[in-house]
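> Sequence:
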Amino acid sequence: MNFINIEPKQINLVAHKISVKVLYLELNSNAIIKVDSFSESNELLDTKQFILDGPDYQNWYNDDFLIQYVCNKYGYILRNS
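Here the sequence shown is numbered in our numbering, starting from 204 and rising by one per residue.
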């Protein structure tokens with residue numbers, strides 16, 4: 204990838220949807236989680252990855268927990284569908 208240097212420019216993006224995926228799972232130890240943020244028209248805006256481990260991994264017992272964990276971690280608020 205070739206980068207082109209520019210003067211700093213702030214870009215404000217508004218996410219309307221997220222996707223949460225488990226990329227890697229080491230049973231009884233940790234998981235690598237990927238979070239994609241999308242616009243209202245499903246355009247990919249941002250991708251984040253983090254390792255879920257320790258007490259947070261031990262408390263992960265279903266998808267709802269993981270979704271709420273991601274929302275808390277990144278400041279998302281779930282909307283009623």
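Among the hints, erroneous ones may be present.
[Claimed, not checked] Taking lysine-lysine and the DSBU-like style, the derived pairs with C-alpha atoms no more than 35 angstroms apart in a straight line are:
id, residue 1, residue 2
1, K212, K251
2, K224, K237
3, K276, K220
4, K276, K251
5, K220, K237
6, K220, K251
7, K237, K276
8, K237, K251
9, K276, K212
10, K224, K251
11, K224, K276
12, K212, K237
13, K224, K212
[Stated by the list, open to error] Label-pair ranges, simulated between beta-carbon atoms:
id, residue 1, residue 2, range
14, L226, F206, 37 to 45 angstroms
15, I214, D267, 25 to 33 angstroms
16, N275, L248, 13 to 21 angstroms
I should point out that these hints are in silico values taken from the structure, not numbers from a laboratory. A virtual CB, placed ideally from N, CA and C, is assigned to each residue, including glycine.
> Flag every earlier hint the structure violates by its number, smallest first.
Those not satisfied come down to hint 14.
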